[in-house]
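Visitor: Below are the chains, spelled out letter by letter.
Number of protein chains: 6
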Amino acid sequence: MNLIEEFNAYRSQMNEKIMAEDNKVIKRFFNLDTNTYAEGALDIKTKEMIGLACSMVLRCDDCIKYHLGKSFEAGVSRKEVFEVFSIGMIIGGSIVIPHLRRAVEYWEELENQG
Amino acid sequence: MNLIEEFNAYRSQMNEKIMAEDNKVIKRFFNLDTNTYAEGALDIKTKEMIGLACSMVLRCDDCIKYHLGKSFEAGVSRKEVFEVFSIGMIIGGSIVIPHLRRAVEYWEELENQG
Amino acid sequence: MNLIEEFNAYRSQMNEKIMAEDNKVIKRFFNLDTNTYAEGALDIKTKEMIGLACSMVLRCDDCIKYHLGKSFEAGVSRKEVFEVFSIGMIIGGSIVIPHLRRAVEYWEELENQG
Amino acid sequence: MNLIEEFNAYRSQMNEKIMAEDNKVIKRFFNLDTNTYAEGALDIKTKEMIGLACSMVLRCDDCIKYHLGKSFEAGVSRKEVFEVFSIGMIIGGSIVIPHLRRAVEYWEELENQG
Amino acid sequence: MNLIEEFNAYRSQMNEKIMAEDNKVIKRFFNLDTNTYAEGALDIKTKEMIGLACSMVLRCDDCIKYHLGKSFEAGVSRKEVFEVFSIGMIIGGSIVIPHLRRAVEYWEELENQG
Amino acid sequence: MNLIEEFNAYRSQMNEKIMAEDNKVIKRFFNLDTNTYAEGALDIKTKEMIGLACSMVLRCDDCIKYHLGKSFEAGVSRKEVFEVFSIGMIIGGSIVIPHLRRAVEYWEELENQG
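Residue numbers (my numbering), protein chains in the order written: chain A, 1 to 114; chain B, 1 to 114; chain C, 1 to 114; chain D, 1 to 114; chain E, 1 to 114; chain F, 1 to 114.
These are calculated hints, taken from the structure and not from any lab test. Check before you lean on any hint, since a few could be wrong.
Just so you know, same-sequence chains aren't split out, so a pair can sit in one copy or run between any two.
[What the hints assert, rightly or not] In silico DSS-like links for lysine-lysine, alpha-carbon gap of 27 Å or less:
1) Lys-45 x Lys-24
2) Lys-17 x Lys-45
3) Lys-70 x Lys-27
4) Lys-24 x Lys-79
5) Lys-79 x Lys-27
Please model the entire structure based on the sequences and the hints provided.
Guide: Set out below in structure tokens:
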């Protein structure tokens, strides 16, 4: 199982458990989170790149993986994704670099699979 | 070895090494950390839920595991722990979600083992 | 105008502007945020203390003020609020101390006004 | 002096002092920081919105002000800037809200002055 | 009252209130915090520069001021303090810059007063 | 393959990929990052200890490993590294402890291999 399948499988399995639980705040937040990236005044591609950069500066590997997958689907190019990475790295500093390494690895799996 | 045993074994092994070292600041802090969650004006259950929520918003998986174990021992119910999760998620935002997934997995191991 | 009035006035004024804007994600999140602290499996007092501790470790002065006000209303005592402070400080470290100073100042205004 | 003038005046004054100092790492980083937002595979408007969202989730009021100014210049509309705010708030959680309030205040000054 | 007097006055006043409170965890932590920077295997100057850099990457203005004062007393030179700043900025990224501006302002007050 | 070899191998492999990419901001930042720790007004040993402490309070395991390796090469002693750990832990709080455990494990591998 590659990085992409592993990430998606665990994510789906646990999200199902969480949505099955009777906690309205969590369920509504999950829905709201999905709605946030829908087409609006900004298109999906722009929103996903914003989500990706925020995930980098907050150093959340799973969030990075999620938005890398969505960015790839939305047609972000390799040159563009590296510019997003560069903004995240300049804003967040050298502590972002270990996450950048893992992001590049994941992006290449997306390219190879795509 | 399940998640709980793995976490506890590594934690005990390394804590021993750290306490064996002649660094007074670190040793006193470890003691103080333990005292913080003792019964006082607030009961242990409340303190552990506070510790759990703080660990979630700071996105520290090992801290979450530790306070999940202590919360379980202190009698926190599944409904209650999900309310703690919901507060952590609303305060800390969607970057808390990957930690929520792992927290739910760990909590279920505690229930199954309990 | 004291600290409490100043905080509440600015908060109300800006929240009104934000709610008047036609952005559904933001409006729903504001509602959800309010619902999070409603009585549930956990009572309001416990939830507010959790919100307060999380605000401390995340070092958000305005969030601390908000939850201090709500905690005071919910009947949290001075001894209890200092125990919440102690947990926040041990988890978040010495960088929490400047926020602790301002929290104590605000708490005393709440006591004097209450 | 309004918020915008106050921010720009202090920023310019201190940047001058910092650039006058003979520290190559700091000077090069300042240059690099400027280059990061230049037109490339991504246009300036997109880069500024990314910079703005990152500043929100990292809760840096001065960084928010800077990128609000640049976003306004780059032609970001009110509807668009609120969508950027919504992404920052969902990713970063309710602790972003106090910064959102100040961001809205600053944006309105930009509109009134523009 | 200049920046230095203002900072020290508020800090002393609130620390007194906090130490007067009967909360052992907080009091012990305050003592421990002081002990941490005492001469040991590392000298005070090195420890204060470490404390300063950590305060910068965590973006705590009051902590920065405190360690700037102690670093100045310990004989840190202007060239040295700017090297500490440069490390903090590279590690923490451009979000550190607003804190760098205020740090430079405070340092110059220390030099002028010294 | 031990922890040290594993860390270095992945780091080198991904850094090569990143440097091969035609993104000037990222490449310049990588160079700048290296220059930051060169001998200057402060010696390399001091700079590496500062880098290590900052990595701890920001809770970046890979950054900690990197600066542990460099600190070891620069002649930092076991007593000294534990003092750096103690400062990081007091500033950053108990959430630093899981990273401290992994730091001690890595340091012991450096000692055993050295």
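Visitor: Hint by hint, say whether it matches the structure.
Guide: Here is how each hint holds up against the structure:
1. Taking CA atoms no more than 27 Å apart as the test, Lys-45 paired with Lys-24 passes between copies only; the shortest distance there is 20 Å, against 30 Å inside one copy.
2. Proximity of Lys-17 and Lys-45 under a CA criterion of 27 Å is satisfied inter-copy only: 25 Å between copies versus 29 Å inside one chain copy.
3. For the identical chains of this complex, Lys-70 and Lys-27 are neighbours both inside a copy (21 Å) and across copies (25 Å), given an alpha-carbon limit of 27 Å.
4. In this assembly of identical chains, the alpha carbons of Lys-24 and Lys-79 lie at most 27 Å apart only when taken from different copies (11 Å versus 41 Å within one copy).
5. In this assembly of identical chains, Lys-79 and Lys-27 lie within 27 Å of each other by CA distance solely across copies; the values are 14 Å between and 36 Å within a copy.
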